[in-house]
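> Position chain B relative to chain A; hints supplied.
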Amino acid sequence: MKIRTAALAALLGAVSGPAVAQTPQAGNVFNPKISVIGDFLGVTGHNAVDPMPSLALHEAELGLQAVVDPYARGDFFFTFGTESGDVGVEEAYITFLNLPGEFLLKAGKLKGAFGKLNTEHLHVRLFADTPLPMRNLLGGEDGIEDYGISVSRLIPAPAGIFLEATAQLFRGTSENLFEATSRSDVEPLFHLKGYGDLSESTNLEIGGSWTRGTNLQGSGFHTSVTGVDATLRWKPLRRGLYRSLLVRAELYLSDQESPAGTAHATGFYALAQYQLSRRWFAGYRHDESDHADDPSLHDRGDSLILTFWPSEFSQIRAQARRIVYDLGAAGTSTAAELILQLQFSIGAHGAHTF
Amino acid sequence: MKKNLGLAAAVCLALAAPSPAHAARKLRIVTTLSDFASLAETVGGDRVEATSLAKGYQDPHFVEPKPSFILKLHDADLLIVAGLELEIGYLPPLLDQARNNAIRPTGKGYLDASAGCEILDKPAGPVSRAMGDVHPYGNPHYWLDPENGRIIARAVAAKLSALDPDGKAVYEKNLAAFEARLTEAEARWSKAFAPFRGAKIVTYHSSWPNFAKYFGLDVVGFLEPKPGIPPTPQHKLEIINLMLEKKVPVVLMEVYFDRKDPDFVASKTGAKVVMIPPSVGGVPEAKDYISLFDVDVGAIVRALGGS
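Protein chains in written order, with our numbering: chain A, 1 to 354; chain B, 355 to 661.
Bear in mind the hints are in silico, worked out from the structure with no lab data behind them. A couple of the hints might just be wrong.
[As the list claims (entries may be wrong)] Dumping the calculated DSSO-like pairs for lysine-lysine here, alpha-carbon to alpha-carbon at most 30 Å:
id: 1; chain 1: A; residue 1: 33; chain 2: B; residue 2: 476
id: 2; chain 1: A; residue 1: 33; chain 2: B; residue 2: 426
id: 3; chain 1: B; residue 1: 462; chain 2: B; residue 2: 522
id: 4; chain 1: A; residue 1: 33; chain 2: B; residue 2: 462
id: 5; chain 1: B; residue 1: 580; chain 2: A; residue 2: 33
id: 6; chain 1: A; residue 1: 116; chain 2: B; residue 2: 426
id: 7; chain 1: B; residue 1: 409; chain 2: B; residue 2: 567
[As the list claims (entries may be wrong)] Partial pick of chain B residues on the chain A-facing surface, computed with a CB cut under 10 Å:
id: 8; residue: 408
id: 9; residue: 413
id: 10; residue: 416
[What the hints assert, rightly or not] Far from chain A, some chain B residues (derived; all Cβ distances over 10 Å):
id: 11; residue: 537
id: 12; residue: 566
id: 13; residue: 588
id: 14; residue: 618
id: 15; residue: 641
id: 16; residue: 653
Every residue gets a Cβ at the ideal spot worked out from N, C-alpha and C, and that includes glycine.
Bound conformation, chain B alone:
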């Protein structure tokens, strides 16, 4: 009995302990994707500190809802998400346990980065899981279009200015500098891709439609027979035949997939496998949003025969 009372008292004391303070000189930003954290740091400068839950080299659909993320969310002033149900597998229980009303979807510290962006592959008719792990609101890998990056950066600047009006001038200045660098970078990427516009590629997962549309690449097939289903022998054969028929020179895949099937398909067709990071930090060289495209554009252009 005494032992139980003692334990009960200890638990009561623990429950009554003061909670961690929220006050921070820098705005604390938590994002799901590393790309949003990079854009947030670019726009926010040293008025913010940003961290992402997903690393650039992991599949962003399958992030574990670790309790350590709850601590990050608990202290955050702003949460930036990709939306379009990309995070549906892990974010809701984290938000439910975060004890932070501001970053809930209805709170002032929540930003869905997809708002205002060009979203592709919105299903036209009825949707069912017979289609595989389909995204019912459109393809969520939209950050891979630099013009969407521009829109996201502007949205971040507006949100930061709303949360921190004192920093508005800084955010606008940083945004303008970023947009200028982006425009300059877009010109150099266009120049690099110019000889290869219309090039046909096969991708592992349907995660490059925005990238392909912007850079003028033609995605003719996927190694996954349906989204989320690993390549089957039958489907690999179909893809090989398709690639031979259409003379497809490149198989594009993310760093977090297994190369065995892409290498097999490439060996039968003479194509090159290009394994690139889809997000900032996916390889060390992709250290921010613009250098992510430098890495990806460079790798694809080299595989297509450029330099």
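Here chain A stands alone, though its shape is the one from the complex:
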């Protein structure tokens, strides 16, 4: 009997592999958190100036995030865009979470800490398009996104006010905005964030930003941009699942140097989003912006936005927008479009900063 049992066990062992205990596969246990977020856009209507394709997977964002070692974490976000070959690194950085002196340091490819919109990955935005001030004054959809180092620190402040100062140094190359032609063309960026709870349901954040880099005119010509942002949030805790309001405004002031002189351009957007019920949100946004190189040209836009969240992991959004593009001597061009956006995420994408 014993021999038969042993033989049977040996046979089973031979069939199922070496007799090892059930352990998690050591190779996988340190795998990063993996997430993928798809952003699908359908657009209909008329836009002669800045048309989007009728249907597109606007972006798929692949996120890989993990702890590097006891000192740091690593975050990588790759974006795959509409056109074939359109692969980019949105952000890829190491974060040292608590250096001596309570500095938090990030290094890598980063979104610049300029205002609020510039820091948001596309899928976090409360609308499906890019507001005019970002398009005109910060270089386009991606805004300030560059290689650099970022240092931030909490500043002691009274009465429970949160105050954080961030200082960044970038290479100085950001699509359509800055282009470093030599190693000395680095771009400093400063941001001060102040936040306070007005009550348990309401809070206010105010920020100031400033950056300066060599612009597309070449070495010796700089663009500096100053930004102010304010965000008011209301979310009554007991009804928080069903009701909330966000009001945000950002103002950008751009000074662009060129052989012809310095162009002072201004742009802003104001957004309000109201939560109608557990899964429905209604929003309105107004944009206005000069052109960075010719402040006499002034674009205006308005959007109505309706968003439905089937679950926390997907969104369906409809945005009706009307933009009046200023073409100067050629007059204006009015665009009226309906954008349908579907966003869906798989995997373990964590929460973003507030």
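For chain B alone, kept in the frame of chain A given last:
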């Protein structure tokens, strides 16, 4: 140019300012849930001050990661969390910005309250989001079992003694007093529930399995068709039929849900809607861990026909 230098200098000065001092006579405890803060205060007495990020009347899954919480975490000596991914939606970015190594999961000032507790609803097979907003490590509402509360209190006492050895005797004395009061309270709750053991209930969200198991209630269905999905018309009909078939007398819901659907279902079945706080502070009367159960047990027993 001068303006830029001035601004740069101001920012440098601001960055160089000294950071707030950590030294505090009392141990500063931050918890995610108000129940843990209550237990921490009970065990810690006046050697500690405890505050929770979530209020007892808000849904603990959906807490906003406000920067004011970063300040609290920055100054904390101990962080107590529920674990089981209850806080996954908001805590990680707060911890990443808190500049406080001690309260990170690997630090000495971190306590996962689920360790040692009885955890229910651990998924048996593969897990996917087709199941809704499922908790892959088990149901995180485990603090609603008084015996888990006892285990959490003991863990808190041990942790406080490790962080503050001088206070060990005080913590053990407070723990013993709490355990005695808990035992006495458990006897009175058992007595109140005795006529109703086995009573069938429907709950809004699957957040009462530990409570139901301890008090002998039978949860036969949920108003949410899947966790995190609000009640659909079809599902409400199914629940109404289930409640009529099984003669379910009570629909149990938390104070942070909307009563419209529970009231509708109750009106079609003759059941009573019981809206109770799941956490300390959820209503003013639930001012600590034991009185939370006094409120909840009382409300359910009254609805079932007791007094």
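> Look at each hint and say if it fits the structure.
Okay, the hints, checked on the actual structure:
For the proposed pair residue 33 (chain A) and residue 476 (chain B), the alpha carbon gap of about 21 Å is at most 30 Å, so the pair holds. The hinted pair formed by residue 33 (chain A) and residue 426 (chain B) meets the criterion: a straight-line CA distance of about 27 Å does not exceed 30 Å. With a CA separation close to 17 Å, the supplied pair residue 462 (chain B) and residue 522 (chain B) stays within the 30 Å bound. Restraint check: the Cα-Cα separation between residue 33 (chain A) and residue 462 (chain B) comes to about 25 Å, which is no more than 30 Å; the hinted pair holds.
Taking the CA atoms of residue 580 (chain B) and residue 33 (chain A), the gap is about 25 Å. The hint holds against a cut of 30 Å. For the hint pairing residue 116 (chain A) with residue 426 (chain B), the CA-to-CA distance comes to about 23 Å; that is within 30 Å, so the pair holds. Proposed proximity of residue 409 (chain B) and residue 567 (chain B) is supported: the alpha carbons are some 25 Å apart, at most 30 Å. For residue 408 (chain B), the interface hint holds, since its Cβ comes within 10 Å of a Cβ in chain A; the closest pair sits about 9 Å apart.
Taken as an interface hint, residue 413 (chain B) checks out: its beta carbon lies about 6 Å from the nearest beta carbon of chain A, inside 10 Å. About 6 Å separates the beta-carbon of residue 416 (chain B) from the nearest beta-carbon of chain A, less than 10 Å, and the hint is met. With a cut of 10 Å on Cβ distances, residue 537 (chain B) stays outside the contact zone with chain A, its closest approach being about 33 Å. Interface exclusion of residue 566 (chain B) from chain A stands, the closest Cβ pair being 23 Å apart, more than 10 Å.
With a minimum CB-CB distance of about 16 Å to chain A, residue 588 (chain B) clears the 10 Å threshold, and the non-interface call stands. Taking the minimum C-beta to C-beta distance to chain A, about 16 Å, the non-interface status of residue 618 (chain B) holds against the 10 Å cut. With 10 Å as the threshold on Cβ separation, the claim that residue 641 (chain B) sits away from chain A holds: the shortest Cβ distance comes to roughly 17 Å. No Cβ of chain A comes within 10 Å of the Cβ of residue 653 (chain B); the nearest lies about 17 Å off, and the non-interface call holds.
Going down the numbered hints, you'll see the structure goes against none, and every one checks out.
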